[in-house]
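**Student:** With the sequences and hints as input, model every part of the structure.
Chains W and U are the protein sequences, given in the same order.
Each residue of the first sequence is one higher than the one before, counting from 1 in my numbering.
Each residue of the second sequence is one higher than the one before, counting from 1 in my numbering.
I should point out that these hints are in silico values taken from the structure, not numbers from a laboratory.
Computed from a predicted structure; not experimentally measured.
The reader is advised that the hints may include incorrect statements.
One copy or two, it doesn't matter: identical chains are merged, so the pair holds either way.
What the hints assert, rightly or not - Mimicking DSS-like on lysine-lysine, the simulated pairs with C-alpha atoms at most 30 Å apart in a straight line are:
{"hint": "1", "residue 1": "Lys221", "residue 2": "Lys87"}
{"hint": "2", "residue 1": "Lys20", "residue 2": "Lys332"}
{"hint": "3", "residue 1": "Lys5", "residue 2": "Lys216"}
{"hint": "4", "residue 1": "Lys216", "residue 2": "Lys332"}
{"hint": "5", "residue 1": "Lys276", "residue 2": "Lys171"}
{"hint": "6", "residue 1": "Lys185", "residue 2": "Lys358"}
{"hint": "7", "residue 1": "Lys216", "residue 2": "Lys30"}
{"hint": "8", "residue 1": "Lys320", "residue 2": "Lys122"}
{"hint": "9", "residue 1": "Lys5", "residue 2": "Lys122"}
There are 2 protein chains.
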Amino acid sequence: MKEVKIGLIGFGTIGTGMVKTIFQNREWIKNRTGIDLNLVKIADIDIKREREVKVSEDLLTTDAYEIINDPSIDIVVELVGGTTVAKQFIIDSIRNGKAVVTANKALLAEHGEEIFRLSREKGIPIAFEASVGGGIPIIKAMRESYAANHISRIAGIVNGTCNYILTTMEKEGKDFREVLAEAQKNGYAEADPSLDIDGGDSAHKLAILAMLAFGKRVNLKEIYVEGISRITPLDIKFASDLHYRIKLLAIAREREDGVELRVHPAMVPEEHLLAKIDGVYNAIYLEGDIVGPNLLYGQGAGMMATASAVVADIIDLARKIDYPRVEEDFVKCDGDLNIIPIEKHVSPFYLRFQVVDKPGVLAKIAGILGDHDISIASMIQPERREGESVPIVIITHESVEGNLIKAIEKIDKLDIIRAKPRS
Amino acid sequence: MKEVKIGLIGFGTIGTGMVKTIFQNREWIKNRTGIDLNLVKIADIDIKREREVKVSEDLLTTDAYEIINDPSIDIVVELVGGTTVAKQFIIDSIRNGKAVVTANKALLAEHGEEIFRLSREKGIPIAFEASVGGGIPIIKAMRESYAANHISRIAGIVNGTCNYILTTMEKEGKDFREVLAEAQKNGYAEADPSLDIDGGDSAHKLAILAMLAFGKRVNLKEIYVEGISRITPLDIKFASDLHYRIKLLAIAREREDGVELRVHPAMVPEEHLLAKIDGVYNAIYLEGDIVGPNLLYGQGAGMMATASAVVADIIDLARKIDYPRVEEDFVKCDGDLNIIPIEKHVSPFYLRFQVVDKPGVLAKIAGILGDHDISIASMIQPERREGESVPIVIITHESVEGNLIKAIEKIDKLDIIRAKPRS
Chain W
1 MKEVKIGLIG FGTIGTGMVK TIFQNREWIK NRTGIDLNLV KIADIDIKRE REVKVSEDLL
61 TTDAYEIIND PSIDIVVELV GGTTVAKQFI IDSIRNGKAV VTANKALLAE HGEEIFRLSR
121 EKGIPIAFEA SVGGGIPIIK AMRESYAANH ISRIAGIVNG TCNYILTTME KEGKDFREVL
181 AEAQKNGYAE ADPSLDIDGG DSAHKLAILA MLAFGKRVNL KEIYVEGISR ITPLDIKFAS
241 DLHYRIKLLA IAREREDGVE LRVHPAMVPE EHLLAKIDGV YNAIYLEGDI VGPNLLYGQG
301 AGMMATASAV VADIIDLARK IDYPRVEEDF VKCDGDLNII PIEKHVSPFY LRFQVVDKPG
361 VLAKIAGILG DHDISIASMI QPERREGESV PIVIITHESV EGNLIKAIEK IDKLDIIRAK
421 PRS
Chain U
1 MKEVKIGLIG FGTIGTGMVK TIFQNREWIK NRTGIDLNLV KIADIDIKRE REVKVSEDLL
61 TTDAYEIIND PSIDIVVELV GGTTVAKQFI IDSIRNGKAV VTANKALLAE HGEEIFRLSR
121 EKGIPIAFEA SVGGGIPIIK AMRESYAANH ISRIAGIVNG TCNYILTTME KEGKDFREVL
181 AEAQKNGYAE ADPSLDIDGG DSAHKLAILA MLAFGKRVNL KEIYVEGISR ITPLDIKFAS
241 DLHYRIKLLA IAREREDGVE LRVHPAMVPE EHLLAKIDGV YNAIYLEGDI VGPNLLYGQG
301 AGMMATASAV VADIIDLARK IDYPRVEEDF VKCDGDLNII PIEKHVSPFY LRFQVVDKPG
361 VLAKIAGILG DHDISIASMI QPERREGESV PIVIITHESV EGNLIKAIEK IDKLDIIRAK
421 PRS
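**Tutor:** Structure (structure tokens):
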């Protein structure tokens, strides 16, 4: 039996879930793993507020450094979030020789290299399963289960809020703003939803996954990011007519000349498993050169699902606490990942133009696309009209994004409005 | 850098995949994990046959004990299969202090407790990711990622051959025998397919998953097993009409009075992810009390996918080779799992009767079901007739299987033929 002393910094939703999990399953975990999780201190700026779990008052402090500087504590769990104090807490914990568990994707996406370098220098591991996909074991799978593989492709639905909104728009035919407002009311979207709906949160998670897959530093700013706010019920309907579903995907795709990294609404063929991930659920699809395609699915957020990952990390670190380290205990970030600029990405595209309904318009659009080396795979021009304009939907063959951008600039000058989910 | 010396026993399909993987990705693995996989010996009864990978002759031997008794070898990989010599190889390897990797589900299902007990006594770990779901990281997920959870429910598509046959029957409307013959021709089914199609292979995998989920010994003989050979295209059509798909599931379900363990064709609601797993793919769905529902998907068999799991296990054992052990390194098998006999299982049922088309038959059937406390949820009596008889399909509400068995015995005496996939 190995007792491990844990300090928690950040007693919010996930922190509460972690405490509940330990209180509820401590004996079971001890029996199964031989590790006794002893939560000795909880720090939060607000220790008065009622939580879903009742803890003894002498466990609580408002001073995180009562944990970080306590020599008896083995593992620090950082669930504060954000990239300022959380960063300092983690750095100081590592410096003090404490293994760290965090769910902080923004911090790892922005400052991962610095933190991982320090972790390696000090020989102190940091675990972060909860940073991507809630309770889905994607981080461990990538670090350990797929360790024999080169991973060449990742496509993830990693933001539950966006997936919930898109699923609801599809099922109820409502428009984006209306569903977002409902989601905010139901607690599926934040009061300030921009990090979710603009794709920033998905980009953070993609940066972490790409770092693990390719073993290189990922410059977050080089990830192309497009959110879901421009998707209309009409796009969803056209996608459905063409046997696609629209999902916000975080995509990494290795090419000979580098890696495409992008977050955007994508047309997913309806027979693909990713098309079938509904509501707040997450799924990460990937392809390894040995294992082939794999997909991992589960709740991507939420108090308990995320806590499951946090506690698994604690158990993992606890068992290794006195072990000699090997390379695999640390995250590799050697050199910069060669991220291909968006202009050079290659994929099929979905284009919707709202055009004036008069002869010759379609020929003009097709002509401009052709001039830019973009060929049309299929097209819908539905009967119904909206005022005096009609929508035209075009799916292209694989095209270079830079060409598409130029073509659309020209088409836009024809007084045509576009909407652009892509696959 | 940590070099680990590996001996492989069994140079068949998976063994070949493992060797290919190490040859192909050894540098990459070394760079990523800090572990250098040095394959020093391969034993097989046939060392003359051409394989997909070329190995130096002095690596080969026909004597497994050249590996088992070689003091320089750290890890023995057993890929012989079967429950006779393979068992002895594993036992002798553990006795000689060598960590073991195996893909042998039949052996672990039948003699797991004995092997795991020895492993614990000797402090020598055994890894078996490849025994269930090929390259899908389900074993590691259950042992480590879901370590904070009580797992209360598992439903897995864990036999690619059966799933391929059912998918093909569905897509092409062909009958079981015809599709099986094709599958044998294509290499998707063995010459003797009984272990797959009768559900025995799925039962082996279920036994392993249940052992991990509940930490108890599982008596393989107590698992209810029913294969797919009685499924007809008509069943598949009726299922589809009712918005279900028929899948061979391996199910574990915890109840207050014990655990239901069963393998049988099941009606899966078409919106459930398991309904969408096609062809030779596998998926394991599970529910934890903390993590909620998770699903892991990938190729459940095949040379390279399975090799991915074998090599991941080798890396895992290699990194831990000199570490002090903790409880989690071993598999718990304390006491017998309380497996509920099939008569007491509770679920909805699908029943198809072929009845003589005359008045009063349906009333008789409904009457007998009612007498046995089985209520009807929905019913189809299609127009089309086969000769002089017509099919009737009934979906019941949740019913006790023992009652159903008795009811069907009585109905059978009415000169009625049944076919019985169930959910």
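**Student:** Find the hints from earlier in the document that the structure breaks and name them by number, from lowest to highest.
**Tutor:** 6
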